[in-house]
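A.B. asks: Sequence:
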Amino acid sequence: MTDARGSTTGDRDLEALLADISLESATAGRWLSKSEVVGRLAREFQEAAESAFSQIRTAAKGTGFIGKVAVHCTGERRGTRYAFGVRPVGPPAQRSEKPAPIGRADARLGGIRDFAVPARPIEAGTIEVVHGDNLDVIRGFGDQSFDLIYIDPPFNTGRSQSRTRIRTERDDEGDRVGFQGRRYRTTVVGVSAYADSFDDYMAFLVPRLEEAHRLLKPNGSFFLHLDYREVHYAKVALDQIFGRESFINEIIWAYDYGARATNRWSPKHDNILWYAKDPGCYCFNFDEMDRIPYMAPSLVGEEKAARGKTPTDTWWNTIVSPNGKEKTGYPTQKPLGILSRIVRIHSRPGDHLLDFFAGSGSFGEAAASHGRNVTLVDNNGEAIEVMRRRFANYVSTFRTADSVVEDSSPAVDTLESFAAVPNIDANTAVGVLEQPAADRASEPSTAKKAASRKPAPVETSQRSLF
Numbered sequence: 003m004t005d006a007r008g009s010t011t012g013d014r015d016l017e018a019l020l021a022d023i024s025l026e027s028a029t030a031g032r033w034l035s036k037s038e039v040v041g042r043l044a045r046e047f048q049e050a051a052e053s054a055f056s057q058i059r060t061a062a063k064g065t066g067f068i069g070k071v072a073v074h075c076t077g078e079r080r081g082t083r084y085a086f087g088v089r090p091v092g093p094p095a096q097r098s099e100k101p102a103p104i105g106r107a108d109a110r111l112g113g114i115r116d117f118a119v120p121a122r123p124i125e126a127g128t129i130e131v132v133h134g135d136n137l138d139v140i141r142g143f144g145d146q147s148f149d150l151i152y153i154d155p156p157f158n159t160g161r162s163q164s165r166t167r168i169r170t171e172r173d174d175e176g177d178r179v180g181f182q183g184r185r186y187r188t189t190v191v192g193v194s195a196y197a198d199s200f201d202d203y204m205a206f207l208v209p210r211l212e213e214a215h216r217l218l219k220p221n222g223s224f225f226l227h228l229d230y231r232e233v234h235y236a237k238v239a240l241d242q243i244f245g246r247e248s249f250i251n252e253i254i255w256a257y258d259y260g261a262r263a264t265n266r267w268s269p270k271h272d273n274i275l276w277y278a279k280d281p282g283c284y285c286f287n288f289d290e291m292d293r294i295p296y297m298a299p300s301l302v303g304e305e306k307a308a309r310g311k312t313p314t315d316t317w318w319n320t321i322v323s324p325n326g327k328e329k330t331g332y333p334t335q336k337p338l339g340i341l342s343r344i345v346r347i348h349s350r351p352g353d354h355l356l357d358f359f360a361g362s363g364s365f366g367e368a369a370a371s372h373g374r375n376v377t378l379v380d381n382n383g384e385a386i387e388v389m390r391r392r393f394a395n396y397v398s399t400f401r402t403a404d405s406v407v408e409d410s411s412p413a414v415d416t417l418e419s420f421a422a423v424p425n426i427d428a429n430t431a432v433g434v435l436e437q438p439a440a441d442r443a444s445e446p447s448t449a450k451k452a453a454s455r456k457p458a459p460v461e462t463s464q465r466s467l468f
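Read the sequence shown against the working numbering and you will find it ends at 468, with the numbers running on by one and no gaps.
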């Protein structure tokens, strides 16, 4: 082989370098990766480094020597390691785990994406998460308990909904090629999945829709989020349960992301059905509606153009960005932009909201961050763990279907902070705060027990603006 100066780099030169590596304190008696070996060769032989490494690899798998220096190797493919001189005792040392960057999956979190934990707004509401079969759980809730119910059940796609999370690390023998031809080693650290196939989907869904109607307050609204596969059957069922006159809108959430079909028009929308329990009395906060730009602002004047126009029943909003801070890694996560609009316009601060197909908890975050109190139900253990991380900064309680409290947020330690917890009177708050801090920490459910008392129903009335 030839070095950078054009001279031939013979076996004696390589043998001398390997002899030095076998004696140096940093490399003697240890296994070295290909990148470590090639890096050292490059300092000596420059462009001829790859050729020198080929000699090492051939010798390791053949005679086991270059000159008088023994060459050893262990492992396969991207896990192959090399040693020179005396064979190291024991297997190669495992790489130390580095914290996964925000937005990547972390094996130490059970494969959950290491997403940024949302901050808790000052006026945030409380969150209750129940782990259990949603039909059994919601049958235990009292009549007319909720002001707004939103659910995003499985769409009955006929397949498992899954999302594989990986971690990538630089490795010259890696299994994927990235920017500028650099190679990376891929490690699968988790897979989120849930079944989305039902022989009789409506038999699964209808009992839950009937419970939703029972749980709604007289002026409450119900939102059902589906897609083209089952929405028409669901609307017929809801017309029977709520009455056709209670149907207010079908909202089309349109997006433009992902692959395109080649044999039909690409389906790029979801359907959200809105029913009001009383079609003459429901919450519709017109002034809370976000505005969107006019397509031809010059035709409407400066004032209108600056204010924007109100949305129609077709909402254009991108999906949750695969690399965005909002992404939790849970399959079929819905964007906060869509859910926050539903929360702001169809409920009031202090209202009690419900989502019994909670998933990653997006509706819970949208509700609590806007001052609503929310109950979330899900039977998927991974969904519960994602929500446990997501709501770490909120006043939240996690319990099982049989009311066993599994976990709760940090102890509430000021009278002012009790304002975020509904249905706790001043005497109860003072009594809790007078306990030693250690006792409060050991009984995190004290505030939640007080909050669980059902308030007297408050009748509100706001005429539809449609």
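To be clear, the hints were calculated from the coordinates, so they are not data collected in a lab. Only a predicted model underlies this, so the values are computations on that prediction, with no experimental measurement involved. Don't take each hint at face value.
Computed Cβ-Cβ distance ranges for the label pairs, DEER-style [unchecked claim]:
| id | residue 1 | residue 2 | range |
| --- | --- | --- | --- |
| 1 | Tyr257 | Leu301 | 21 to 31 Å |
| 2 | Arg172 | Met204 | 15 to 25 Å |
| 3 | Glu247 | Val302 | 28 to 38 Å |
Calculated lysine to aspartate or glutamate pairs in the DMTMM-like style (CA-CA distance at most 20 Å, straight line) [said to hold, decoys possible]:
| id | residue 1 | residue 2 |
| --- | --- | --- |
| 4 | Lys70 | Glu17 |
| 5 | Lys311 | Asp289 |
| 6 | Lys270 | Glu252 |
| 7 | Lys36 | Glu49 |
| 8 | Lys63 | Glu49 |
| 9 | Lys237 | Asp258 |
| 10 | Lys311 | Asp292 |
| 11 | Lys36 | Asp202 |
| 12 | Lys237 | Asp289 |
| 13 | Lys306 | Asp292 |
| 14 | Lys36 | Glu26 |
| 15 | Lys36 | Glu78 |
Even glycine gets a Cβ: it sits at the ideal position worked out from N, Cα and C.
A.B. asks: All hints are to be evaluated individually against the structure, with a verdict given for each.
C.D. replies: For each hint, the structure was consulted:
1. Judged by the Cβ atoms, the range 21 to 31 Å given for Tyr257 and Leu301 holds: they are separated by roughly 27 Å.
2. Taking the beta carbon of each, Arg172 and Met204 are about 51 Å apart, not inside 15 to 25 Å as hinted.
3. Roughly 35 Å separates the CB atoms of Glu247 and Val302, a value that falls within the hinted 28 to 38 Å.
4. For the hint pairing Lys70 with Glu17, the CA-to-CA distance comes to about 7 Å; that is within 20 Å, so the pair holds.
5. For the hint linking Lys311 to Asp289, the alpha-carbon distance of about 12 Å falls within 20 Å, and the restraint holds.
6. Between Lys270 and Glu252 the CA atoms are separated by roughly 16 Å; this keeps the pair inside 20 Å, and the hint holds.
7. Straight-line distance between C-alpha atoms of Lys36 and Glu49 comes to about 16 Å, which keeps the hinted pair within the 20 Å bound.
8. Distance hint between Lys63 and Glu49 is unfulfilled; the C-alpha atoms sit about 23 Å from each other, more than 20 Å.
9. A threshold of 20 Å between alpha carbons decides the hint, and for Lys237 with Asp258 the separation of about 25 Å lies outside it, so the pair is violated.
10. A threshold of 20 Å between alpha carbons decides the hint, and for Lys311 with Asp292 the separation of about 9 Å falls inside it, so the pair holds.
11. In summary, the hint linking Lys36 to Asp202 is not supported, as the alpha carbons are separated by about 55 Å, beyond the 20 Å threshold.
12. At most 20 Å may separate the alpha-carbon atoms for a hinted pair to count; Lys237 and Asp289 exceed this at roughly 29 Å.
13. A threshold of 20 Å between alpha carbons decides the hint, and for Lys306 with Asp292 the separation of about 14 Å falls inside it, so the pair holds.
14. For the given pair, Lys36 sits about 18 Å from Glu26 by alpha-carbon distance, which is consistent with the 20 Å threshold.
15. For the hint linking Lys36 to Glu78, the alpha-carbon distance of about 12 Å falls within 20 Å, and the restraint holds.
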